[in-house]
Amino acid sequence: MDLLGTAIFLAIKSLIFIMGMFLGAAYLTLLERKFAGHVQQRPGPLHVGPHGFLQPIADALKVLTKEDLVPDNVDKVLFYLASLMAFVPAIMILAVVPFGEPFTIFGIEIQPYISDLNVGLLLALAFGSISIYGVIFAGWASNSKYPMIGGLRKAAVLIGYEVALGFALAGPIMMAGSFSLREIVEAQQGMWFIIPNILAFVVVVFCVLAETGRTPFDVQEAEAELVGGYVTEYTGMKFGLFPLAEWYIATFVLSAITVILFFGGWQPLPLLGWLPIPEFLWFFIKVFLLFMFFLWVHWTLPRYRVDQITEMAWKVMLPLALANILIVAVWIIIFG
Amino acid sequence: MELNATGFWVFSSLAVLSAIGVVFFRNIIYAVLSLISTLIMVSGLFFTMGAELIGALQILIYAVAIVVFYVLVISTVPEFKGQAFETKYMLISVPVGFLIFLELAFVSLYGAWSSNTGIFTQELIQQVGNTKAVATLLFTKYLFPFEVASLILLVAMIGAIVIGRKDHVIDEEAEK
Amino acid sequence: MQLWISQGEVESIKGKFPDILEERGDNFTSILINKKQLIELLTYLKEQLNYKMFIDFFCIDYPLHTPRFQGVYLLFNPEKKRRVAVKCWAEDNSLPSVINLWKGAKWSEREAWDMFGVRFEGHKNLVRMFLWEGYQYHPLRKDFPLEGYKDTYLPSLNLKEGETPAHNYDPYHTPLPSMEDLERTEKARIKKKNQIVLNWGPLHPGTHGTIWFLFDMEGEVVQECDIILGQLHRGVEKIAENITYTQFIPYTDRMDYISALCSQVAYVNTVEKLLGVEPPEKAKWIRTMMCELQRINSHLLWLGTYALDLGALTIFLYTFREREKIMDIIEGIAGIRLNSTYIRIGGVAKDLPEGALDVISHFVKDFPEKLKEYETILTKNRVWLKRNVNLGVITEEDVYSYGLTGVVARASGVPYDIRAIQPTDAYDKVDFEIPLGKVGDCYDRYLVRIEEMKQSVEIVKQCVNKLKDMKDDKYISTENPYVLPTLEEVFNSIEAMVKDFNLRIYGEQAPEGEIYLSGENPRGELGFYINSKGEGKPYRLRIRSGAFYNLQVFTELIKGKTVADAVVLLGSLDPVVGETDR
Amino acid sequence: MAVKVKYVERPQLTNRERILFIDFIKGMGITIKNFFRKTITTAYPFEKLTPPIRFRGTHAHRVKDGKEPPSFKVLERFMDIQEGESRCVGCYMCQQACPVPELFNIQTTQTEDGKKKVIRFDMNLLNCMYCGLCTEACPVDCLIMTDIYETASYHRAGTVIHMEDMTKRAVDFDTRRGNEPDRIWIDDEQRSKLWGQIKWS
Amino acid sequence: MAIKHNNGIILTTVEEVLSWGRRNSLWPASVGLACCAIEMMHTAASRFDTDRLGIIFRGSPRQSDVLIVAGTVVNKVAPMLKLIYDQMPDPKWVISMGGCASAGGPFPTYATLQGVDRIIPVDVYVPGCPPTPQALLWGILELQKKIKAKKEGKVWEEIPIKEVPTASQPIKTKSPFGF
Amino acid sequence: MTGYFALLVFGLTALGLGAGLLLLNRLIAPRIKDPMEGYTYECGVPLYDKTSHLSLEQKYYLLGLLLVLFDLEAAFVLPWAAIFRDIAQISPGFIFTEMFIFLFILILGYIYAWKKGALKWQ
Amino acid sequence: MVPYEYYVALSGLLMVLGLIGVAIRRNIIALLISTELMLNAVNIAFVAFDMKLGEVAGQVFVFFILTIAAAEAAIGLGLIMAIYRLRKDVDTETLTELKQ
Ligand code: SF4
Ligand code: SF4
Ligand code: SF4
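Chains as they are written, first to last, in this note's numbering: chain A, 1 to 336; chain B, 1 to 176; chain C, 1 to 582; chain D, 1 to 201; chain E, 1 to 179; chain F, 1 to 122; chain G, 1 to 100.
A hint or two may mislead.
[To be verified] In silico SDA-like links for lysine to any residue, alpha-carbon gap of 20 Å or less:
{"id": "1", "chain 1": "A", "residue 1": "Lys-315", "chain 2": "D", "residue 2": "Phe-21"}
{"id": "2", "chain 1": "D", "residue 1": "Lys-67", "chain 2": "C", "residue 2": "Ile-494"}
{"id": "3", "chain 1": "A", "residue 1": "Lys-76", "chain 2": "B", "residue 2": "Glu-147"}
{"id": "4", "chain 1": "B", "residue 1": "Lys-141", "chain 2": "F", "residue 2": "Ile-101"}
{"id": "5", "chain 1": "C", "residue 1": "Lys-150", "chain 2": "D", "residue 2": "Pro-101"}
{"id": "6", "chain 1": "C", "residue 1": "Lys-438", "chain 2": "D", "residue 2": "Pro-101"}
{"id": "7", "chain 1": "C", "residue 1": "Lys-370", "chain 2": "A", "residue 2": "His-38"}
{"id": "8", "chain 1": "D", "residue 1": "Lys-67", "chain 2": "C", "residue 2": "Asn-492"}
{"id": "9", "chain 1": "D", "residue 1": "Lys-4", "chain 2": "C", "residue 2": "Ile-421"}
{"id": "10", "chain 1": "C", "residue 1": "Lys-192", "chain 2": "C", "residue 2": "Glu-180"}
Simulated from the structure, these hints should not be mistaken for lab results.
Isolated chain A (complex conformation):
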């Protein structure tokens, strides 16, 4: 029964994490809308609650009580499964992301993460790429042309950038000598990995943009071309899970991983170490800044055509990632 006890404890902890992520993602939508608004000289959500603070709640309620419409020609099982398949892997990445060192409050040790694994980074990569199924199956199950094209497009983009991402991760791994995200952060005591890994960072930024479907890579739901992309036929909560997973949860989690890999995770910003800010807050500050950066890019740039994106993945990003490996290898051999 020890097992059951652990399981229940873990389930509660997971639930807290997931709920936190849900709420976080909901408010990230508000953040995005506010940011987009101000970039465009308008205030964004304003009247639903003070400064639009209740807007995400209203949206969530609305989406939850929309008719659950299943079109005639769809593959019903797959249709429902696809939205789960997009959502679960995206949130699973959260489980391997550490938000800080374990710390003790009132004598209880608290681990600000679900699991700290030796192969954490690999699993994050793996989960990140499993979400590709959600996209393809959503397109396929809908049995409609726009979703089909949108799904395949997104799949093509994900594929291209996943490979580049895999190679780009090699740099930080080489520096830290481990797949464990915690160890990677610890290895950045003296110097952040951005220093020799600048190429990898560029690649990772592009990959995150591509995987989360933000401009210049938002081909899958390019409104002007494909209406809603692979979610065109989705209604209600089935639909709600997609943007939640793709635009917010995935962006957040991948930003977190990027911060861990290149910006020293929860270590304070340089020269600001004296500030009385707890570790995980530093981490959130960095993630927030990176997230804002992605938003900023999203609301500025036009989008590529899908073949240009994949071509860029193979012809620019992959060589860059390989070059990064070479540079880091030489760096390690020279500087130890």
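With chain A's structure known, arrange chains B, C, D, E, F and G with the ligands on it following the hints.
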């Protein structure tokens, strides 16, 4: 450890169930779905055996890359018509499979592998961790097969491109 | 400026085709030929006399004449800058098709079939243009009533039994197409040859209105494309035949609703030429200024939606911010933001209000800065370059063959600009340059439009300077018998009231004759052909819309491109459905 | 005037710009610059833009209040119009001028003393295109267009306006804005959000 | 609502919360047909910014709650529009923007549909040609009122219609929970 | 091991929550049948042809091929990267050349694919 | 600790299932998928022996099996492409022809 045992039973039963699904689902897309499920379950089994690196790579390479390849091809192929099964082969395949199964069991029980010990002992593995152990072995002792793997991949790529390409399209671009 | 075929050329034609009939007027010169020699004559005009640009083709219905329908071809000589009209009676309700000479004739012939029921021998796919397959009537025939035949019982769903919401409410309605009809319409257009046929539009965010595209696709690559128009066909040409010249002005707004003022100016200029009205100087300058403001407005909308189609979401809102300013100006001057019925025959509806020039000069001072911002984001952006450069190249040949006008023609290096060829209003007094492109791809069209906005700003500046000195001039020449008096005059004098009554009730009794005149719309040449039989209403009013012809080339450009390119191509052609469908 | 043509320049992206992402950075600079600008939004139900005096909104009937033009004085003789009632003399000119005459429903009667009275003046605003031709045709300065635009309704009949409403509207309009000069718009706070400071001459 | 009408306080509260969510997150399907669509775009743009009220335009009808029919509906488009309406998930509303959509507008011709309410039920009519963005926003606010009234079990005839013989003043006080 | 167990529990919780939300949506949302509500959306027009699944396309095949091969390559590179630091202290030249021979061979394939136009995604 | 024989048994079971799949499926893609199942069975066996012997060599071999699986998939699907191009359709009959 209780956790391992539970894990084994859960994962293995699910793996077998989904494997049955792979074999008997008429709709190819469901078969592939079951395959994904099987692969993930197998990866879970790897984790219960302590093979972390392999477990992670199983998901990364197998459950994602290879199956995505299948899915891409399937989802762009018009639906297959006709009868999905040929039951007459069932009669042959079951005994043959059973034979192979017996053989495997025999080999394993008599420890045909015991002679082949590597540079790692159990303690060493515990110490450096499974990941590094596997990696070190791969890049030292099995260096030669490792390089051969790259050749295999190269050949596979060239072969596949040659087989799978549509001549007129690609040659036009090659000329450019 | 003499814009019609010269006497000498007609003589040379007469040498070859002795039995032509020349009709020469100040504003229209036509050659009537019989059906047998039509193709020969057109070929001669195209190849020998260099009338190689196709402007328009349309039909006129004379119910009492046999043969009943007359086809009119309008051609243009880009070197000598001369136009000619060729008329031909449609014997047996049919005419030879000229799509082998000009590809641009394809749609206008379809339109003639749709609207008049005239057949075209040799037309490959003569289907309904604006209405659907299965529609029984040809609406532009004189015997077809404007409101159609109301034979379907189709009451409002919001009413309770027996309720009538308004005095002009009729529960009976003209027939609607069924889904099968629409499906037949689709299938008549295009044969499926490749993997899938995708419906793109009409109710789609990327199609700039309700254009309905059918893409026959191999994967994502479009192999064959056809366009179904008519999702905004409101029967404007038919309406024009039923109302007076002044009453038609608001409808010109609603055709090309993005550049309402330009359309009004083009229309009013035509009517004024027909009536012989000369607007006062001040009105001319106001018109020019408003036109150019509207052009900036229109190009801004284009830039915004184009950027939106290409994914640059923020530009869209930035351009709309500037548009709001222009809308504010127009609202302050004319009273309505979008469909501002501001131009009147003989001048403009109201004088410029106090402060208008201040606001406009504030705007033109401010605007180039903002334009620079957009350019900083877009022009040299690598994504933008990748999406635009060398896509959809239109050659000079295509321009003539399809009758492309406006920016699309100019981006291909054809300096075809009505403002320069046939200046109306104050265009001959202002200083501006016509931007031209060298390659003719989408990027050139983008650059040309940006440059045009800059030129428009210059023109507006000149107009503002000029208008500052004209504070107290008259803005409408009410002394002319055809021009409606202003309210003050009506209030204060009986004669003006009687004149007003007469003009309102009987309309402007235009002298008999024909006229074709055009204006440079942001979307190309917007031409009006008016056939007056001396009544208060036009006998036939034909609108030659730039977007209608520009859109035709899309089917050619899209071949072998993907859907993602379709938005770029369509955006760079910048059609407005209100104008294509009328 | 000679036609001047000008070939547009096609800018190129240099390699330095390409490698350093100068194009992206510049663009993002613009967006962030706008981020720090003030918003231009009019928060509609809480703040309202005042339409310019020339705004063509819902129609209204001016009433007989002693400010009539001379033409009304002439026509009034045949009419039975009390003070405070609509000035309309039932001349049907608005309907004549309107491109969509069906939208009007004007009825007049003869009173006992031989005078004419307008008993019904309905306009179906759903068919109107707010072109203002009717107001320009009205010889007695009766039919005007006000600055009222909030006319949404739950049913069609709600959008048909009657004479009583129209007179009320006109009175309201004239009291609020009757004395405004013919200015392009009121330079209030809402406008300056978008426009900034304008130099008025 | 699947939850039946019930006088229980809890259900009423739940319904009220749901109705609040719905009316504060009205996503219109962007069906732009003609001139009015331009003004609809302007309503969504910075000057008037529908996003303030939680209104964002969606491309696909499957994810939208309100169909703003903006522009002339000609006969040929009518069946398509009906299809789009059918494809929207419940609960759904329709705003008919502009004269054309509401009653054919200035086009009483053979080609135009004389009012979109002949094929789909309309909740709010917004007259104007085109209605200014503020007029459209007013229409949306009216729709929100209607949704609120429906929660109270009323039908639209009972909702007090604010006749606007005169201009209205800006609302002074903001509710902390939105509309 | 507990780490993986936690992962499992987390995954199940997420799955349960996602499924629960879908179920909740299905339960409480209204279901009013409209005549054509199941019709596939294609801009509101009747479908020209009902097939929506594209038939076999080479580009996806090539894409999948590249994914498999390069992902596998990454699978070799990543463990290598993990031990690089440790071994580099002992014999940097060995570990370095070893991987770069491997990469070199694959870069050959990459160049071949590039030359053959397989990277160009039509 | 779960005895390694259990894992081997599981591996055998999967192997059998894979074999059945190969035998009875007429669809060439399903055939390839079944092969993947068999390869997985082998993987499990390898890792199980490793567990028994306290070794990691077996896991190294899994790497090579992954390589082979990838190559197999690449070539197998390449063949489908080739057939498709030749026949312009992937009909069952065509595929069975190949199988026999
Ligand atoms: S504004 Fe125009 S359409 Fe409306 S009633 Fe007056 S004249 Fe008629
Ligand atoms: S024109 Fe004026 S006076 Fe004449 S009927 Fe119309 S509103 Fe009345
Ligand atoms: S109501 Fe007026 S603005 Fe709106 S679509 Fe109709 S004509 Fe255009």
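Given the hint that Lys-315(A) pairs with Phe-21(D), does the C-alpha gap stay at or below 20 Å?
Holds - the C-alpha atoms of Phe-21(D) and Lys-315(A) are around 17 Å apart, at most 20 Å.
Straight-line alpha-carbon gap Lys-150(C) to Pro-101(D), limit 20 Å:
Cα-Cα ~19 Å, so holds.
For the pair supplied as a hint, Lys-141(B) and Ile-101(F), confirm whether the alpha-carbon distance does not exceed 20 Å.
OK: Lys-141(B) and Ile-101(F) at ~16 Å, within 20 Å.
Is Lys-438(C) close enough to Pro-101(D), meaning Cα to Cα at most 20 Å?
Distance ~51 Å between Lys-438(C) and Pro-101(D) Cα, so the pair is violated.
Does the alpha-carbon distance linking Lys-370(C) and His-38(A) stay inside the 20 Å limit?
17 Å, holds
Given the hint that Lys-67(D) pairs with Asn-492(C), does the C-alpha gap stay at or below 20 Å?
Roughly 14 Å separates the two Cα atoms, so the pair holds.
Is the straight-line distance between the alpha-carbon of Lys-76(A) and that of Glu-147(B) 20 Å or less?
Measuring from Cα to Cα gives roughly 46 Å; hence the hint is violated.
For Lys-192(C) and Glu-180(C), compute the direct alpha-carbon distance and say whether it is at most 20 Å.
The hint holds at about 18 Å.
Does the structure keep Lys-4(D) and Ile-421(C) at a Cα separation of 20 Å or less?
The hint holds at about 12 Å.
Hint consistency between Lys-67(D) and Ile-494(C) [alpha-carbon to alpha-carbon, up to 20 Å]:
Roughly 19 Å between the alpha carbons, so the hint for Lys-67(D) and Ile-494(C) holds.
Violated hints, in rising order: 3 and 6; the structure is consistent with all others.
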